[in-house]
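The residues making up each chain are set out below.
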Amino acid sequence: MTMTYDLVNENSHSKPNGPPINLEERKGILEVQDLSAWYGNTQAVKHISMSIKAQAITAIIGPSGCGKSTYIRCLNRMHEVSYKGRVEGCVFLDEKDIYAKDVDPVVIRRRIGMVFQKPAPFPTMSIFDNVAAGLKLTRLWSRRWELEEVVERSLRQAALWDEVKDKLQESGVSLSGGQQQRLCIARALAVEPEIILLDEPCSALDPAATLKIEDLMRSLAQEYTIIIVTHNMQQAARVSDVAAFLLADQDGVGTLVEYGKTNQLFTNPKDKRTEDYITGRFG
Amino acid sequence: MMSETTYLRRKWFNRLMLGLSSTAAGLAILILGLILGYTLARGIGALNLDFLTQAAKPVGEVGGGMRNEIFGTLILIGLGSIIAIPVGLMSGMFLAEFASPKVASAVRFAADILAGVPSIVVGVFAYAIVVQPLHSYSALSAGVALAIIMIPVIARTAEESLKLVPNSMREAALALGISRWRAVVGVIVPGAMTGIVTGIMLGVARIAGETAPLLFTALGSQFGVQGLLNPIGALPLQIYNYALSPYPDWQQQAWAGAFLLIMLVLGISILVRWISSRRNNRPVIRNVKRSNKNDNDIRFG
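In order, the protein sequences belong to chains A and B. Each residue of the first sequence is one higher than the one before, starting from 1 at the first, in our numbering. Each residue of the second sequence is one higher than the one before, starting from 1 at the first, in our numbering.
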């Protein structure tokens, strides 16, 4: 048994919900190559390259303003929706660059779903319609039973079904904050993405709701690839298999400082700046 | 230190200005009251069921009413709305959701200019593009004229209400792999529906009393409603004609018509206020805790 394998096994002990994960065997599902992003003339992140493993949880950590949210938005072409957002570099999904000219961002976003910081259920829609929105609004028409099936499956996956099954016709905004966020996760799952991006999904939630979302992430990681941005290091340590540490350089542009297995990064960081950050010397 | 006289001077000046502005505000309400009261007083004699259900009678015959003109006005409002609602709403969507800032400001400027074009000019325009080619005054041409007046009102209010829908809704929809068009139609427009409906009602209120553009287009008709390609009567036109006539009973009917028109616009205004006071008109919202005011910024921005 190799040293790496031990580390990986040790890693899995702290995650009782997940099976032991051997990261070395996992293929990279997203290959990020030399990615830089701008808002107008202001550069937000530069020259980030990393290989993101399939069916694992990758955490992006770093202090405020290090570009971690901008970076994750580049992974499903949401950055270009922002005012004057611009991206350079490549992101390969199944060996195809998602920034290639012939690629439709709408197709990419179906394969790479996203959940935002503030729970954002559609206010005019019922709980049912919120979950079904992704399907309803990408097709001309859908069969009712098919939608019902998808809605139930997605809500079960998001561990929300038991709480809402008797009030599917009520407004999505009638739920609590934590439930709203799980509703948003269910909504993202309903279109059957391969990868789910979570941009600080728990920052607006209380500890109990946060814990539920973390449990949910562990169970989803068996099927999906999850990338989570968080400024909460304990959360990153608790849930993630792999972690990336981003830091703004002297010009305020986010750069990748360290990327590796979460366990390694937290217990034995290679870079001095990572060590300073995780031991709480700044940030 | 402020001297006693300076203090007194300021105090009295303050009272004076307060008094002046209160008087001005009171005057505005008084004028509205006077108009309503005077029209009602002069028209009350003609306001009865016959006025609403009878067609106009020829000179000399007693009785008769404005049934055809009321019906005509409703048809013209309907025609104007059928043309203006899609065009105005789509323009609003273009301005708020799709246009680049430069193009948007140019279009917005054009819409504001259009809103300021005197209505009689719009009437002449409709005469030139509809009446002349078809060689006839018609309800259709009046509908076109009224639509032109209505479009900028709807477009601008639709734009403003679409902009009030938080960006997080757009991002959430796009992140689901929904195309921009479907996101706007399926998520953003329903979120802005209250404001959009308010805009439409404001547009209706604006055109309901328009007279000048109808002079060149609807013309007025003594034969009731005869299809969209023939002249048609309308309340404002009939008020104009009857008020200028030398017959006292016609004059009284003109006052009654004026009162009815004011009530129509007033009714629409009240409807607008009622719609916009409800944050959302979808039944789904019933279950939202009304007490939590902070929900509003999530729901509506």
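Everything labelled a hint here was simulated from the structure, so no lab data went into it. Some clues are possibly wrong.
Stated by the list, open to error - Derived SDA-like pairs (lysine to any residue); straight-line CA-CA distance at most 20 Å: (1) A:K96 / A:S51; (2) B:K102 / A:G40; (3) B:K163 / A:V81.
Here the structure is a predicted model, which is why all the values come from computation and not from measurement.
Exercise. What hint numbers does the structure not satisfy?
Worked result: Structure breaks no hint.
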